[in-house]
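Please build the complex by placing chain S on the supplied structure of chain F, with the hints as guidance.
In order, the protein sequences belong to chains F and S.
Reminder that position 9 of the first sequence reads as 9 in the working numbering, one-by-one numbering, no gaps.
Reminder that position 433 of the second sequence reads as 433 in the working numbering, one-by-one numbering, no gaps.
Just so you know, not all the hints are guaranteed correct.
In silico lysine-lysine, DSSO-like type, Cα no more than 30 Å apart, as pairs [stated by the list, open to error]:
{"no.": "1", "chain 1": "S", "residue 1": "LYS119", "chain 2": "S", "residue 2": "LYS102"}
{"no.": "2", "chain 1": "S", "residue 1": "LYS215", "chain 2": "S", "residue 2": "LYS102"}
{"no.": "3", "chain 1": "S", "residue 1": "LYS687", "chain 2": "S", "residue 2": "LYS479"}
{"no.": "4", "chain 1": "S", "residue 1": "LYS479", "chain 2": "S", "residue 2": "LYS373"}
{"no.": "5", "chain 1": "S", "residue 1": "LYS119", "chain 2": "F", "residue 2": "LYS82"}
{"no.": "6", "chain 1": "F", "residue 1": "LYS34", "chain 2": "S", "residue 2": "LYS119"}
{"no.": "7", "chain 1": "S", "residue 1": "LYS261", "chain 2": "S", "residue 2": "LYS98"}
{"no.": "8", "chain 1": "S", "residue 1": "LYS670", "chain 2": "S", "residue 2": "LYS507"}
{"no.": "9", "chain 1": "F", "residue 1": "LYS36", "chain 2": "S", "residue 2": "LYS119"}
{"no.": "10", "chain 1": "S", "residue 1": "LYS21", "chain 2": "S", "residue 2": "LYS127"}
{"no.": "11", "chain 1": "S", "residue 1": "LYS127", "chain 2": "F", "residue 2": "LYS82"}
{"no.": "12", "chain 1": "S", "residue 1": "LYS687", "chain 2": "S", "residue 2": "LYS710"}
Bear in mind the hints are in silico, worked out from the structure with no lab data behind them.
All figures in this text were calculated on a predicted structure; none of them were measured in a lab.
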Amino acid sequence: MTRDTQEIEKKSSAEPQDQWVRLQSIDGFCYLVKRKVANASGTIRNMLDSDAGGYAEAISRQCEINERGIIVEKMVEYMGFKTYYETANPKEDVPVKEFLERIPPEIVLELLLAADYQEM
Amino acid sequence: MAPRKHGPDFSLSKTWEDLSKNIREIQNHNASNLSFEENHRYAYNMVLYKHGETLYNGVRNLVIENLETLAGEEIVPTFPTGTSDPSMQNDEEDVLLKALRKVWDDHRSNMVRLGQILKYMDRSYTKDANVPDTHNMGLQLFLDHIIKPPIKDHLVSAILSQVRHERDGESIHRSTVKGCVDVFLSLEVDRDGTTVYKRDLEPVFLSESQDFYEKEGKRLLHSCDGPEFLRLAEERFEAEASRTNHYLSSQTTQPLLQVLKDNLLTPHLESVISKENSGLDAMVDNSQFDHLSRLFRLCRMVPTGIPCLQASLKKSIIRRGREINQVSLGDDLGDANDAEDVKEKGKGKAKASALGIQPAVTWVQDVLALKDKFDIVWQNSFQSNRELEITLNDAFGTFVNQNEKCSEFISLFIDDNLRRGIKGKTDLEVEAILDKTITIFRFISEKDVFERYYKGHLAKRLLHSRSASDDAEHNMLTKLKIECGVQFTQKMEGMFNDMKISADTTKSYLDHVSKTTAPEIELSVTVMTSNAWPMTNNPSACILPSQMDKACKSFEQFYHSKHSGRRLDWQLNLGNADVHVRFQDRSHELNVSTLALVILLLFENLGDDETLSYSDIKGATSIEPDELKRQLQSLACAKYKVLRKHPSGRDVKESDTFSFNHAFTCPMKKVKIGTISNKVENKEERKETLERIDEERRYQTDACIVRIMKDRKHMKHNDLVNQVTAQLTSKFSPEPMLIKKRIEHLIEKEYLERCEDRKSYNYLA
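Looking at chain S on its own, in the form it has when it is part of the complex:
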């Protein structure tokens, strides 16, 4: 066969007639009956013979014609009828969206078929003519002839309506909506890639959602309790996220969730948290960790959430804390009355003093319980969030420090535990108790007050050998050291040291006297370094009976022989003594305070009926009146009446007389007579303590100012105050007024001088 020739037998009209007929067939889904080769060649020839434009416009018109037909036949009949029945509406919308999708699929497959036979046109003609190729022409024509009013408006409102149905709890065909939304997503309206979805659907969808959630938020707030609101709100978040994932677009997820946050959470969170009977407080009270976790999750979504939660937590804790403070205060007052009642009824003193520490123990236990409660919530529900931890600590600190006795209470609590609480407990349990106490201790802002009380209580424990466990004591001390540094515990360690040295000293003294002349009284001495112990330095004066005096002298002699130049002061009010006393029935071993022994010895050589008056005793011992009354009370008016008071009664008056109670009986051989145990201080004691603390603070402030000025030589007033505050905060929070006063005091003492600018100071060496 000869080479084929492209002859002049090409006829434009004939070719186009055949081709256009075939294109119509393709649009009627009859492509399978057509020859590709034939139609491709038609298009090829048309382009080859320079009739590309005719071909292009012809095809374009055929596509438009077809689209208009499809719109008229498939879409327009499915327009909503305006029924008011929601389920009818739902069905109608479904049909409309399906129709659109069908037209789209049809059109797209047509365009693929056309694109295949028009390939040569796309390669040669469209580029030169600068017109869109077949594929893009198809998209453009679809936009112009289908996605236009009124079809577009019906589609958009159908999609919105479908969403509304689903939000109202009806079920819809998600796949149908997705089919239509996908069409919107694949149609670009400009060169930047903005889609029909972005232009025509998303904005109205978002504003519709905004309206919906504005109403929904208010509705939920009024109709639901706190947990229910949170549950539903979270469900809404999940539902909307799933909606955008399943049949909208992921690009809408963030803006839509923002709409929810702005309308459902931000305006209502505060009201929900503070709802009475179902808000934060109720959830904490009922340990509803699930609800609290949800609350936390939701709060974390919006910027105002966490601060709002923080504020409410703080409020809640402080309110609870105040109640605890109130109870302890109430107990305190009630207890004072009780104690008086007890006195009048003549009951044992031991019981009264046990009650004395009860408010402290209760308070600390309540605070610990509260702390535990919130810690558990924090761990379980708040994912151990740092910000919230700070809030919790802050809130606890606030109310703990609002109880002005907090330091004393905590120290008493520790005292109680170290004396008897930890007996029979394992090391681990003891450790846990101490650790817990430390957590409250951290909240105290005035650590120096605590230090004072703790030292006092520690001293009493040591001197009366009341400490249950040496290990526990040291353990506690280590913990305090870790919290506050070496300086804080230095003196306490000094106390322990003194105890140890004293034990050795006593032993070598006893060795010494056993070799020489032993005094009648066996003596055990604790030598206390005066600045380490919290005791007053002026010992209560007392005239000692000769046997006791001798014993003291003997020890002094021994001690001075070892350490010359040291001064020994006897703190008789802190000591105690064991003494054998012969009563009518039997003899008892009495354990009494040293001063009580001094008093008892006065009765040693008296006849059965002889009495001593108060003033006799006072004269013979010269014990201070308050102390003397207390000692007499414990001997004559408490549970064990070794002395008789005439007339009998609860209080010791200066007109009373006393006699030895020969008829004293007691089932036990050993009798311990009322050492006064610790209890919460009364007002006067407290005042005294505070005065001492104030004094100490003045010294500390002075020292601190001088230290800083020595270093800096010259400083502005404000800087100095700030520095001092910063350095002292670990111990207490100094008032600016106090610092100012101390500065003036130091100027008077000529440590500092005021500069001429009246705003700064110079250090004077």
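The shape of chain F in the complex, shown without the other chains:
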């Protein structure tokens, strides 16, 4: 691993363990994300679905995302962004423009493909 594990959100000790899932990029970056946030992706949601069994990922709560860390990081940022503004006060402006400005142009195409795959 070339970089340290980053945590996007602070884990609160009061919350049960299965509230959190680990997203791991192909190059070894790990992101601990709230399940609610992870569910912003349709594909990850299905991956983690543990109704009547489920796949290996649902049981280990570890999802290997077949993307580079920089892509996964942006995805996670977007998932957090989406989850927040979905439940926020409807009067509040959604700073879409600011978000778009934060996407480095060199990863745009790759991010787009990843978003299609991840259904988000």
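This is chain S only, laid out in the frame that chain F set:
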């Protein structure tokens, strides 16, 4: 790390080989060992590289394969073995239905798992290719490969058989049946949303139920009594409702209950209601309110129920009413004989007359009791249903009016109560009695007949001061007024008014004579307005002894001085007198009718042994023969024999002679001598009353016709008859024949003329 490239390293055969292997693993419940990401990517890549169709058909074939395997391994072995032992059958069916449910659950969870990894295919390929997505494909394949003969037929017959077991009283696992029925309910066979349940199960279930309840209805009818039938039928309704709620579908509830109504209730209700010894009559007799409530509830479910109940109620009430009528009629005849027996044995007249009103009182009490009985049933069991109330009233009206003496009986009943019945009762009790009487009164259709009798009885009560309570009298009058309007009671109120004025007049007369010359006799006079009182206007002629004559003259003088131009007629037959008589032992105060006093005064100056013959008395008083005989009878033949008749005997003959009975003794000082009290009229009196009523009706009809014609000037015959009928119905029900006759009478009198079309009339002013 460099951006990932979608390279040409994709191999269709390799990908599908891995994916199909994994799908089989999923179908073997091993999904937890598989990576979602891996399989999702396989499917994603296949779709991405334009192999969606291969993927779709491949998955489809795998699902079919799996379903066929499941059917063969799980369901077919549980097919019934054709055993005839019901409990074995029950178990086998249970196993079969459970197996189906297991296969369904398996299949469904497989399809969810597959749907998750095939998500990209559903998003991209199925829509473009216009084929069902994974979920719907799963449903469709289940329909095609599991819900097909022979599996489907076995399932349907197992469900029906389970229902049959339960109807026969065996216990089944409802949850198992429900599990299978739910599968049927969630499978749609066409785009309209028709489910397998609706297509394959409900119709056969309903026809099976129909057969069952057709037989069940007949069986219950033959093996059970009325209440039992109703109880079981209601239980069946509840059981079937609970069945559809618990393990069938609520959409079946209504059609199924309709099957029950059509087979269990509609064809049998009438037979149950009219069952001998346990039908409606028996339930009413035994006050089985629970059973009657159930009967009512069941009747209300089907359209023919209430009319059937109405008809039976009516029949029952009329039958009971007829019995009451019969008893009163029988009593009447028996009583007439009794009365004659009494006369022959020389017993008191008072007793005979007390018996005289007995049939009337009994009749009214019986009718009231019957009414109470049905009212209680109506309130307790029939939820105070309006339609049934109408039926009850109708039925009571019918039989009450079938007793042609109903008006007289009711009036006599009221008379009896107002004279003595209400003594010692509280106002509330009196009120209750009067109210009850009014309820029967309402049933009478010929209110004018009642009016006549009531007036007669009221007049007697007033003149003889027999009324127990003035308040009660007025109360009754108010009630009648409420029922029939002011006109009905106008004359009765006139009577009360006359009584009041007469009391004042008498008082001022007595004041007047005490200041001038008082006649020997103290006089109390009731002046009756001739048209308000029901008495005949021709007073019975009578020669008064001079002292009485003087008293009368004195009053006439006084009265005319106050009201000149009025005519006074003396109704001596209605009066009474108190007279002191000296007998051998002691003197008594006798209360006798005025005419009896006239007779007694003839004996005043006779010697001890002198006698007067019948013709002597007749000559001296010129009282009419019938009246005279009655008066003599009450003086000489009743309990207190003030006169002696020679020869003695019960009946007065024209050859008899009479002498004063000096030896008369009686323990009491005051003696009241037989005023004839009310009793049921005999045939002749009745005939007379009816004639008078007929006469009155003719006048009323005439008046009514003229009133209408005066208003309309010209009218068709039929319209006129209808109008007259409508206006007179509150008093009596006029026959069209009567109206026609009166119209002809009025034409003769030139109030009306017949028009040229022979169908209508003109009014002639």
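Hint check:
Only pairs whose Cα atoms come within 30 Å are accepted, and LYS119 (chain S) paired with LYS102 (chain S) is accepted, the gap being roughly 25 Å. Of the pairs offered as hints, the one joining LYS215 (chain S) and LYS102 (chain S) is violated, with about 36 Å between alpha carbons and a cut-off of 30 Å exceeded. Distance check on the hinted pair: LYS687 (chain S) and LYS479 (chain S) sit about 29 Å apart at the alpha-carbon level, within 30 Å; holds. This hinted pair checks out: LYS479 (chain S) and LYS373 (chain S) have alpha carbons roughly 23 Å apart, not beyond 30 Å.
Annotation: proposed proximity of LYS119 (chain S) to LYS82 (chain F) holds, straight-line Cα distance about 21 Å (limit 30 Å). Simply put, LYS34 (chain F) and LYS119 (chain S) have alpha-carbon atoms about 23 Å apart, close enough for the 30 Å limit, and the pair holds. A hinted pair counts as satisfied when its Cα atoms are at most 30 Å apart, and LYS261 (chain S) with LYS98 (chain S) does not qualify at roughly 33 Å. For the suggested pair LYS670 (chain S) and LYS507 (chain S), the alpha carbons sit about 25 Å apart, so the restraint of at most 30 Å is met.
Taking the CA atoms of LYS36 (chain F) and LYS119 (chain S), the gap is about 20 Å. The hint holds against a cut of 30 Å. Annotation: proposed proximity of LYS21 (chain S) to LYS127 (chain S) holds, straight-line Cα distance about 26 Å (limit 30 Å). For a cut-off of 30 Å, the pair hint linking LYS127 (chain S) to LYS82 (chain F) stands: about 27 Å separates their Cα positions. Restraint check for LYS687 (chain S) and LYS710 (chain S): the C-alpha separation of about 34 Å exceeds 30 Å, so the hint is violated.
Checked against the numbered hints above, the structure violates hints 2, 7 and 12; every other hint is satisfied.
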